[in-house]
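Asks: Chain residues, written in single-letter form:
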Amino acid sequence: MTERVFHTEDLTKVYDTGAVQVYALRGVTMELFAGELTVLLGPSGSGKSTLLNILGGLDSASGGRAWFRDRELTAMRDRDLTRYRRDHVGFVFQFYNLVPSLTARENVALVTEIARDPMPADEALSRVGLGHRLDHFPAEMSGGEQQRVAIARAIAKRPEVLLCDEPTGALDSKTGVQVLEALKTINEDLGTSTVVITHNAGIRKMAHRVVHFTDGRIGTVDVNDTRIAPSEITW
Amino acid sequence: MRALDLKLLRDLRRLWAQALAIALVLACGVGILVMSYGAESALRETRATYYERNRFADIFSGATRAPEWLRDEIARIPGVARVQTRISQHAILDVPGLSDPAVGRLLSLPESGAPVMNVPTLTAGRMPAGAGVREVLVNENFAAANGFRPGDSFAVTMNGQKRAVTISGTALSPEFIYTLAPGALMPDDRRFGVIWMPRPALAAAYDLEGAFNDVSLGLARGARPEAVKDRLERLLEPYGGTGPMDRDLQTSHAFLDAELTQLRNTSRTVPPIFLVISAFLVNMVLGRLVALEREQIGLFKALGYTATAIGWHYTKLALLIGASGVLLGWAFGLWTGRWLAGMYAQFFHFPYLVFFETPATYAVAGLSGLAAAAAGAVLGVRRAVRLRPAVAMAPPAPTRFRQSALDRAVQALGVRQTSMMILRSITRWPVRAALTVLGIATSGAVLVASLFMFDAMDELLDVSFVQTNRQDAVLDFTRSLPLSALDAVEDMPGVLAAEGALHAAARLRNGPRSRLIGIEGRPPGTALTRLFDAESRESVDPGHGIVLTGRLADHLGVRAGDTVSVELLEQDRPATPVPVTAVITQYFGLGAYMDLDRLNGLLHQAPRIDAANIATDPRRQEALFAAVKAAPAVNGISQLNQVRRAFDETISENAGMTMTVNAVLAALIAVGVVYNSARIQLSERARELASLRILGFTRGEVSYILLGELFLLTAVAIPLGWIIGRGIAEAMVASFSSDLYLIPLVIARDTYAASGLIVLAASVGSALIVRRRVDRLDLVAVMKTRE
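Same order as they appear, the protein sequences are chains A and B.
Letter by letter, the first sequence follows residues 1 to 235 of this note's numbering.
Letter by letter, the second sequence follows residues 1 to 787 of this note's numbering.
These are calculated hints, taken from the structure and not from any lab test.
Beta carbons: idealized from backbone N, C-alpha and C, even for Gly.
Please note that the accuracy of each hint is not assured.
[Unchecked claim] Which bits of chain A does chain B cover? Going by a derived footprint, with three or more residues having C-beta under 8 Å, they are:
1) 11 to 22
2) 60 to 74
3) 94 to 101
4) 184 to 191
5) 215 to 227
[What the hints assert, rightly or not] Below, computed lysine to any residue pairings styled on SDA-like, alpha-carbon distance capped at 20 Å:
6) B:Lys784 with A:Arg127
7) B:Lys316 with B:Tyr239
8) B:Lys784 with A:Ser44
9) B:Lys316 with A:Ser60
10) A:Lys174 with A:Pro118
11) B:Lys316 with B:Leu9
12) B:Lys162 with B:Tyr178
13) B:Lys162 with B:Glu622
14) B:Lys784 with A:Lys205
15) A:Lys205 with A:Phe33
16) B:Lys629 with B:Pro182
17) B:Lys162 with A:Lys205
18) B:Lys162 with B:Arg513
19) B:Lys629 with B:Asp476
20) B:Lys7 with B:Thr308
21) A:Lys174 with A:Asp215
22) B:Lys162 with B:Gly151
23) B:Lys784 with A:Val22
24) B:Lys162 with B:Ala631
25) B:Lys229 with B:Val80
26) B:Lys784 with A:Phe33
27) B:Lys229 with B:Gly210
28) B:Lys316 with A:Leu52
29) B:Lys229 with B:Pro78
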């Protein structure tokens with residue numbers, strides 16, 4: 001059996017808005033494995049983003065525990081979480097979140113400068129097929145290109161996990177596929193454990209493992225025996 | 001309340017800290033305007049009224065002894081409306097309870113009726129009765145300083161004879177609004193008094209029956225003062241006329257004028273600085289607000305609000321900030337105005353209250369404040385008005401950045417990307433960066449320009465009292481005496497050394513330019529007084545020629561090596577050409593100096609002196625004072641050690657207050673600029689910074705991006721502030737300089753350091769307040785939201 005990269009025990013998250021308590025996670029116990037591409041699938045408000053935020057060290061749990069390998073994330077202090085994100089996690093956002101005043105290469109260099117064992121920025125951009133757009137600013141690129149820069153920025157530090165929140169949510173089908181291709185390549189070439197949140201059911205077919213969320217709980221977990229190529233996905 | 005107005009109030013509540021920072025800067029401008037403009041107009045109007053009611057003369061002249069019948073001749077000079085002849089003398093006073101000898105200016109009152117000019121206003125008691133020496137009127141400030149009331153007595157040594165006099169009343173006169181003893185640098189009401197007594201008594205004491213030695217003229221409307229002065233000088237020439245002078249050279253008037261000039265310069269220059277910075281801050285904050293509320297503006301327009309309504313909405317926000325600033329400024333102006341009025345009450349004596357707080361002053365200041373806020377709103381409001389609804393509801397176009405040669409140069413240095421972000425932000429918005437630098441620099445400049453006054457005073461005191469005048473006191477004689485008088489002075493108790501001096505009224509002429517001046521003659525190699533040039537910091541020897549102070553040389557248009565023609569007035573001697581040996585910088589008054597023997601030679605007399613500079617033994621001071629009071633030939637004493645002490649006291653009394661007020665004013669500018677800049681940076685970059693936090697950047701690293709730009713701009717602004725501050729100081733020195741005094745342009749290193757440190761502290765402090773918000777960045781929200 002492959003090594004566990006994340007696992008949680010009875011994880012709960014309650015947002016207390018004063019008047020009402022909103023349960024985002026209602027006791028989630030699950031495992032994710034090294035080298036796999038996992039898709040978290042579910043309607044909005046089902047708890048998938050909350051789980052990703054806790055696994056990414058961005059949010060705290062209200063109850064239960066979560067581990068990255070053998071380190072308990074739910075016990076870490078803010079400073080340690082920053083360190084954890086810096087050393088182990090790559091993030092890809094729905095709206096790319098590039099720094100507009102830095103070129104593609106510089107956006108990647110932003111991360112490689114603080115990483116322990118990064119790959120050269122040019123190499124990271126070549127891996128996502130943007131070796132020819134190094135000196136362009138975000139405003140000079142399409143959405144798909146921007147998202148691929150974001151992926152290059154995420155993987156340049158050779159993270160152990162890559163967490164992607166709706167990476168194709170703001171893109172059309174054609175450019176979305178290019179982004180998915182990039183994620184697949186990274187997963188296969190570098191062996192980076194990848195977690196992708198989506199509400200686009202089509203994407204589940206390219207994953208090793210699909211976790212279905214409903215109402216703060218995990219419904220089913222499917223393991224795909226055969227995966228399809230991103231180019232076969234449309235939406 | 002209408003929905004838009006509710007939004008306005010809530011916006012203001014949300015922006016309260018930024019609004020307050022702006023309001024405080026604005027308040028400084030409004031407050032200083034209230035104070036300086038209020039004080040200037042109040043002083044000017046009060047003085048004009050006082051001059052008018054008490055018929056302050058237009059032209060003054062002294063003489064040795066002019067026959068009274070000359071009065072009618074003077075009155076016949078075309079343009080002369082009124083003539084007042086009188087007797088004016090100086091005398092030593094023996095005031096009960098005061099061991100120091102005081103000096104009195106004795107002025108005659110007409111035998112019957114009030115003077116036609118320079119009328120004293122009675123403030124207590126009554127006018128002296130009878131023609132005798134028994135009763136006198138004294139100036140109110142002298143009476144107050146010595147605790148005198150009508151009915152009290154003191155002694156006056158008149159022409160060598162000590163006489164007891166009784167105070168019948170106290171008075172104030174437009175001639176002595178600023179009451180300064182001859183040769184003094186600061187008012188000293190305990191030791192200098194104005195004494196009015198009936199003319200027959202003075203005439204008898206000084207052997208001036210049927211004669212006068214002082215005349216004042218009132219001019220008719222449209223009269224030509226130069227022509228009148230010319231005629232008057234010629235009429236008085238045979239009688240030792242000292243040369244006519246107009247109000248500009250009258251001590252009290254000149255000091256008031258200097259104060260008015262200073263106030264006018266303050267009110268014209270300082271408030272605009274604060275108002276412009278407030279406008280800049282309003283522009284910055286409102287610009288950001290309009291950018292943030294872009295979609296809302298689109299929505300309002302889509303809902304049918306007119307562009308005017310939306311423009312007015314944002315204008316009102318600026319005006320509300322402006323109104324808060326105005327209210328705070330009025331309070332600040334009221335407070336500083338009262339403080340200044342207190343200072344004036346100490347130095348300037350009017351028979352009625354000087355009323356600072358006129359509605360007009362507040363209106364002018366308030367409207368200026370509101371105008372500044374409205375001006376700051378123009379650009380933001382215009383953008384809101386012009387935004388088309390369809391465009392407004394879509395996200396703004398992304399900001400375009402470009403790589404410049406500078407970028408590549410910096411990159412080659414291996415600069416980190418976080419520093420690159422700072423650099424790009426500055427080069428992308430250079431005007432904003434430049435204005436921010438200018439704003440912060442202004443804060444430092446305000447400090448340099450206000451604190452340098454203390455350095456200037458140090459220099460002024462050093463040159464005037466340590467380098468130039470080292471004597472403890474000056475004794476003035478009733479008339480010039482043979483050199484042997486110096487032996488008598490040296491024999492007085494407690495006198496350690498004495499040096500003689502002679503003064504002669506003269507007209508110096510260079511072609512068409514001329515100037516009346518008292519020439520001082522000194523023996524060579526004196527130790528108690530030196531002719532010291534503040535510029536070269538060396539002492540100067542007049543030799544066979546004459547040494548002039550810089551401003552006098554400028555008036556005459558001469559330089560060292562040129563020749564001036566010297567016309568001595570008292571003895572009606574023919575003009576003599578005298579070479580100008582040197583031109584020196586001195587800080588007090590105009591001066592002309594010659595060798596004592598040379599001056600006596602010009603006067604065709606055997607060596608004589610009319611004053612003695614003395615060094616005294618402080619342990620024998622009482623005995624010396626008693627001797628001075630008893631000496632018949634001494635009619636004045638200036639205690640320079642007393643002047644030094646008074647100077648030091650006045651400066652240190654006001655130093656703490658002035659320093660604090662200026663430091664606070666300057667810090668408010670720095671805080672206003674830096675705090676608002678930091679808040680706007682944070683608002684613009686919050687999403688970017690939160691993204692970086694997610695990518696694993698620490699709070700410190702993220703704060704560096706947020707504050708690095710401001711610290712960089714502050715670092716540029718501090719030296720720029722020094723340069724601007726020095727420029728302002730130079731302008732101040734130029735505008736304050738008058739024939740009465742010069743302010744040296746000296747800025748100590750400590751002043752620069754204090755300016756830099758205060759600006760740095762204010763910048764860092766306000767940036768750190770904003771820095772705390774970095775801790776509260778919402779990382780989760782950034783994952784999901786578009787900007």
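Asks: Within a Cα-Cα threshold of 20 Å, do B:Lys316 and A:Leu52 meet the stated pairing?
Replies: violated, 45 Å
Asks: Per the coverage rule (Cβ-Cβ under 8 Å, at least three residues), is the stretch 11 to 22 of chain A covered by chain B?
Replies: Per the Cβ count (0), the hint is violated.
Asks: Below or equal to 20 Å on CA atoms is what counts here, so check B:Lys162 against B:Arg513.
Replies: It is violated: about 44 Å lies between the C-alpha atoms, which goes past 20 Å.
Asks: Are at least 3 residues of the stretch 94 to 101 of chain A within less than 8 Å of chain B when you compare beta carbons?
Replies: holds (count 6)
Asks: Check the hint pairing B:Lys316 with B:Tyr239 against an upper bound of 20 Å on the C-alpha distance.
Replies: violated, 73 Å
Asks: B:Lys162 and B:Tyr178: Cα distance at most 20 Å?
Replies: violated, 28 Å
Asks: Could you grab the alpha-carbon distance between B:Lys162 and A:Lys205 and see if it respects the 20 Å cut-off?
Replies: Given pair B:Lys162, A:Lys205 is violated - Cα atoms ~122 Å apart, limit 20 Å.
Asks: For the pair supplied as a hint, B:Lys229 and B:Gly210, is the alpha-carbon distance within the 20 Å limit?
Replies: Outside the cut-off at roughly 23 Å; violated.
Asks: With the threshold set at 20 Å, check whether the alpha-carbon distance from A:Lys205 to A:Phe33 stays at or below it.
Replies: holds, 17 Å
Asks: Would the pair B:Lys784 and A:Ser44 pass a check requiring their Cα atoms to be no farther apart than 20 Å?
Replies: holds, 12 Å
Asks: Going straight from one Cα to the other, do B:Lys162 and B:Glu622 come out at no more than 20 Å?
Replies: With Cα atoms ~19 Å apart, B:Lys162 and B:Glu622 stay inside 20 Å; holds.
Asks: Using a Cβ cutoff of 8 Å, are there at least 3 residues of the stretch 60 to 74 of chain A near chain B, or does the coverage claim fail?
Replies: Coverage by chain B is violated for the stretch 60 to 74 of chain A (0 residues, Cβ < 8 Å).
Of the hints listed earlier, those the structure fails to meet are numbers 1, 2, 4, 5, 6, 7, 9, 10, 12, 14, 17, 18, 21, 26, 27 and 28, in rising order.
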